[in-house]
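> So you can see what is in the structure, the chains are spelled out below.
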Amino acid sequence: DVKVTQSSRYLVKRTGEKVFLECVQDMDHENMFWYRQDPGLGLRLIYFSYDVKMKEKGDIPEGYSVSREKKERFSLILESASTNQTSMYLCASSSTVFPYEQYFGPGTRLTVT
Amino acid sequence: GQQLNQSPQSMFIQEGEDVSMNCTSSSIFNTWLWYKQDPGEGPVLLIALYKAGELTSNGRLTAQFGITRKDSFLNISASIPSDVGIYFCAGSGGSNYKLTFGKGTLLTVNP
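So the protein lines, in turn, are chains A and B. So in my numbering, spot 107 of the first sequence is number 110, and the numbers just go up one at a time. So in my numbering, spot 51 of the second sequence is number 805, and the numbers just go up one at a time.
Some hints here could point you the wrong way.
Sample of chain A residues lacking proximity to chain B, with all beta carbon distances greater than 12 Å (derived) [as the list claims (entries may be wrong)]:
| no. | residue |
| --- | --- |
| 1 | T18 |
| 2 | K21 |
| 3 | N34 |
| 4 | D62 |
| 5 | Y67 |
| 6 | T86 |
| 7 | M91 |
| 8 | R112 |
Below are the DSBU-like pairs computed for lysine-lysine, each with C-alpha atoms no more than 35 Å apart in a straight line [what the hints assert, rightly or not]:
| no. | chain 1 | residue 1 | chain 2 | residue 2 |
| --- | --- | --- | --- | --- |
| 9 | A | K60 | B | K857 |
| 10 | A | K73 | A | K16 |
| 11 | A | K21 | B | K824 |
| 12 | B | K852 | A | K21 |
No lab work stands behind these hints, which were simulated from the structure alone. Even for Gly, the Cβ is constructed at its ideal location relative to N, Cα and C.
So that you can see chain A by itself, here it is in the shape it has in the complex (with noise of 0.2 Å):
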């Protein structure tokens, strides 16, 4: 079974901090997804990367950064973090080779005071 895990379930942050967010993925997948997940909005994508340093922005990528030094490893960071950037964070990991399926991870569900 794929097996995707992220660092912390919940984190509380005060505004202004650096906040690192940690995805590893064991199925040996080439692209990794971060997702924010809020009520009435679904999931939408903050950036994705198909392969080790190699990242694309998402459709929300505005505040985020990513770091991918090995394939089984994606982080997310946000460099200053913000009360608007409470929210539940998701990572997805899938294969380049259709039919592209994802896999998710537990969420991380983050809250900036």
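Fit chain B to the supplied structure of chain A, relying on the hints for placement.
The following block gives chain B in isolation, referenced to the frame of chain A:
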């Protein structure tokens, strides 16, 4: 960009009832996926559909890939309390491995 309309937004049903939800797209998709998300958890893949007209079952769940390739539906038969959660559809088109997600259907099952 591609958009997915998922309906209904929410459903309140009695245990034992059947449930149906659907997604329609403005674009053609090559893959339709259905996920379930339990409260406070990440989405879990339930069913994947790869061919127009395909009908696939997973236990009490049945999903179909529409003939036009622009829609899909998910049925749940004889619902039970643990079916509670948010059900998402997702689709991908062409060689693009990014998924487009519906906004989800919140299912509540009254015992």
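> For which of the previously enumerated hints does the structure constitute a violation, in increasing order of number?
3, 4, 7, 8 and 11
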